[in-house]
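Asker: Protein chains in written order, with this note's numbering: chain U, 1 to 115; chain R, 1 to 116.
One or more hints might be untrue.
[As the list claims (entries may be wrong)] Under the rule of at most 25 Å between Cα atoms (straight-line distance), these lysine to any residue pairs were calculated in the SDA-like manner:
id, chain 1, residue 1, chain 2, residue 2
1, R, Lys72, R, Glu15
2, R, Lys103, U, Phe65
3, U, Lys3, R, Gln28
4, R, Lys70, R, Asn58
5, R, Lys103, R, Thr7
6, U, Lys57, U, Gly1
7, U, Lys62, U, Gln41
8, U, Lys57, R, Asp86
9, R, Lys103, U, Ile7
10, U, Lys59, R, Asn58
11, R, Lys70, R, Ala59
12, U, Lys53, U, Gln41
13, R, Lys103, U, Asn22
14, R, Lys3, U, Gln41
15, U, Lys3, U, Gln17
16, R, Lys103, U, Ser73
17, U, Lys78, R, Thr101
18, R, Lys3, U, Ser73
19, U, Lys78, U, Ile7
20, R, Lys103, U, Ile12
21, U, Lys3, R, Asn58
22, U, Lys78, U, Ala101
23, U, Lys59, R, Asp86
24, U, Lys57, R, Lys55
25, R, Lys55, U, Thr103
[To be verified] The following label-pair restraints were derived from C-beta to C-beta distances:
id, chain 1, residue 1, chain 2, residue 2, range
26, R, Thr17, U, Pro70, 45 to 55 Å
27, R, Ala1, U, Gly40, 23 to 33 Å
28, R, Asn67, U, Lys78, 38 to 48 Å
29, U, Lys78, R, Thr80, 25 to 35 Å
30, U, Ser27, R, Met14, 39 to 49 Å
31, R, Lys70, U, Gln17, 29 to 39 Å
Hints were generated in silico from the structure; no laboratory data involved.
We put the beta carbon where it would ideally sit given N, CA and C, even for glycine.
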Amino acid sequence: GPKVLQIPSHQIIDMGQMVTLNCDPVSNHLYFYWYKQILGQQMEFLVNFYNGKVMEKSKLFKDQFSVERPDGSYFTLKIQPTALEDSAVYFCASSPQGSSAETLYFGSGTRLTVL
Amino acid sequence: AQKVTQTQTSISVMEKTTVTMDCVYETQDSSYFLFWYKQTASGEIVFLIRQDSYKKENATVGHYSLNFQKPKSSIGLIITATQIEDSAVYFCAMREGSSNTNKVVFGTGTRLQVLP
């Protein structure tokens, strides 16, 4: 089936540094999402993105977070500066048109460890 | 605001039996879509089954089926003839039909262990 690729699978970084998580969504998909998961528990919605714009962001999407997809390349989540509480697994997802009935296609996640 | 609640943290069942996982949701929208996803031990998240709020029939896909009780805002996942490989974390999720942002909200997940 369609694949969402996330690079890297694991990233270790010192607190205060910047990190960029990369997501290669399914080709031709137009809606993109980031979710945060801690300790294999709840998938917390961070943000979704369409046509170059943030559609909605949650309270977890702090000012230090930003997303972009320059020129149709990777959909990225940037955290600058990182904090200890940012340690989690971040999942990228995409859907074709963003219609309400569509399912999400998930990447395999990037485990971020902030030291 | 939309909300999804899964109260069962963990369930263990014997292989080849039937299991039901609970999920209740909150929404002000008259149209919405409910989803179940499975997260395997490797972390992979895959879509299992969907229920559209305007459909009265319970959705069924393979050995997955849903128990949609709209008056109770409940959407249970039923797995029949469970197999060892069904062991995973199961997430209930919802997207509101009138949402102009297409946000999808997930529950906290239920860990299913299928024992031989």
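Asker: None of the hints should be skipped; say for each whether it holds.
Answerer: Comparing the hints with the structure gives:
no. : hint                          : verdict
1   : R:Lys72 - R:Glu15             : violated, 30 Å
2   : R:Lys103 - U:Phe65            : holds, 18 Å
3   : U:Lys3 - R:Gln28              : violated, 33 Å
4   : R:Lys70 - R:Asn58             : holds, 11 Å
5   : R:Lys103 - R:Thr7             : holds, 22 Å
6   : U:Lys57 - U:Gly1              : violated, 28 Å
7   : U:Lys62 - U:Gln41             : holds, 20 Å
8   : U:Lys57 - R:Asp86             : violated, 33 Å
9   : R:Lys103 - U:Ile7             : holds, 23 Å
10  : U:Lys59 - R:Asn58             : violated, 34 Å
11  : R:Lys70 - R:Ala59             : holds, 13 Å
12  : U:Lys53 - U:Gln41             : violated, 28 Å
13  : R:Lys103 - U:Asn22            : holds, 20 Å
14  : R:Lys3 - U:Gln41              : holds, 16 Å
15  : U:Lys3 - U:Gln17              : violated, 30 Å
16  : R:Lys103 - U:Ser73            : holds, 22 Å
17  : U:Lys78 - R:Thr101            : holds, 21 Å
18  : R:Lys3 - U:Ser73              : violated, 33 Å
19  : U:Lys78 - U:Ile7              : holds, 13 Å
20  : R:Lys103 - U:Ile12            : violated, 29 Å
21  : U:Lys3 - R:Asn58              : violated, 28 Å
22  : U:Lys78 - U:Ala101            : violated, 29 Å
23  : U:Lys59 - R:Asp86             : violated, 33 Å
24  : U:Lys57 - R:Lys55             : violated, 30 Å
25  : R:Lys55 - U:Thr103            : holds, 17 Å
26  : R:Thr17 - U:Pro70: 45 to 55 Å : holds, 51 Å
27  : R:Ala1 - U:Gly40: 23 to 33 Å  : holds, 25 Å
28  : R:Asn67 - U:Lys78: 38 to 48 Å : holds, 42 Å
29  : U:Lys78 - R:Thr80: 25 to 35 Å : violated, 45 Å
30  : U:Ser27 - R:Met14: 39 to 49 Å : holds, 42 Å
31  : R:Lys70 - U:Gln17: 29 to 39 Å : violated, 49 Å
The structure is inconsistent with the numbered hints 1, 3, 6, 8, 10, 12, 15, 18, 20, 21, 22, 23, 24, 29 and 31, although it conforms to all the rest.
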